[in-house]
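Chemist: Below, each chain spelled out in residue letters.
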Amino acid sequence: SQTIHQWPATLVQPVGSPLSLECTVEGTSNPNLYWYRQAAGRGLQLLFYSVGIGQISSEVPQNLSASRPQDRQFILSSKKLLLSDSGFYLCAWSSGQGLSSGANVLTFGAGSRLTVL
Amino acid sequence: AQTVTQSQPEMSVQEAETVTLSCTYDTSENNYYLFWYKQPPSRQMILVIRQEAYKQQNATENRFSVNFQKAAKSFSLKISDSQLGDTAMYFCAFMKPNTGTASKLTFGTGTRLQVTL
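In the order they appear, the protein sequences are chains V and Y. For what it's worth, my numbering labels the leading residue of the first sequence as 1, then goes sequentially. For what it's worth, my numbering labels the leading residue of the second sequence as 118, then goes sequentially.
Please note that a few of the clues may not be correct.
[Unchecked claim] When the alpha-carbon atoms are kept at most 35 Å apart in a straight line, the in silico DSBU-like pairs for lysine-lysine are as follows:
id	chain 1	residue 1	chain 2	residue 2
1	Y	Lys213	Y	Lys190
2	Y	Lys172	Y	Lys187
3	Y	Lys213	Y	Lys187
4	V	Lys79	Y	Lys221
5	Y	Lys190	Y	Lys221
6	Y	Lys190	V	Lys79
7	Y	Lys213	Y	Lys172
8	Y	Lys221	V	Lys80
It should be emphasised that the hints constitute simulated quantities derived from the structure, not laboratory data. Computed from a prediction, not measured in an experiment: that's the story for all the values here.
Please work from the sequences and hints to get the whole structure.
Modeler: Shown next, in the form of structure tokens:
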């Protein structure tokens, strides 16, 4: 079965420091990978998605970047954190196999809570 | 662009009763998918139920069912025999079909459901 791991679970960082959140998926190949952010009391906003190694699409302009160095690894980064980067970050995956009954379901990781002070 | 609206920020229901959460969406697409996700206090996003727009039959999953009204662009979630474990934030989400690219979800702002004794 497929599993998704996300770490760290909690992170407190000072303004101006770098960031690296990691996400890995097991039990599948060529997944589509996503990073979402959930601000306090709000819904989820798609930040980045990737359909393959080295292929990154950004949905919103921001202080963050994403990379996919391996097929099942997705990394969210920042060189210098801002206060507004605080939030709950969720990684997710879906099948990259095209249209099928299960291809469109996103499965989420447990999330990473980032507090920038 | 698609939008998803959840007009009930908070709801409360007694254990064993039935509750309905509302969701409306706006799209010019004819074929798409709709989802309800649950986010309990653990913050893990869990898929509750999925509806394909080309299917007229409403989806059901045990105690969870939807009322999908395509013409009205409405997608409500009914929870029957509510249990304390149903206490969570519930998100309605919209997705265009996966046509070889990533399956991007657009989320509503959520409804916080409290199940009481």
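Chemist: Hint by hint, where does the structure go against what was stated? Just the numbers, ascending.
Modeler: Hint 6 contradicted; others consistent.
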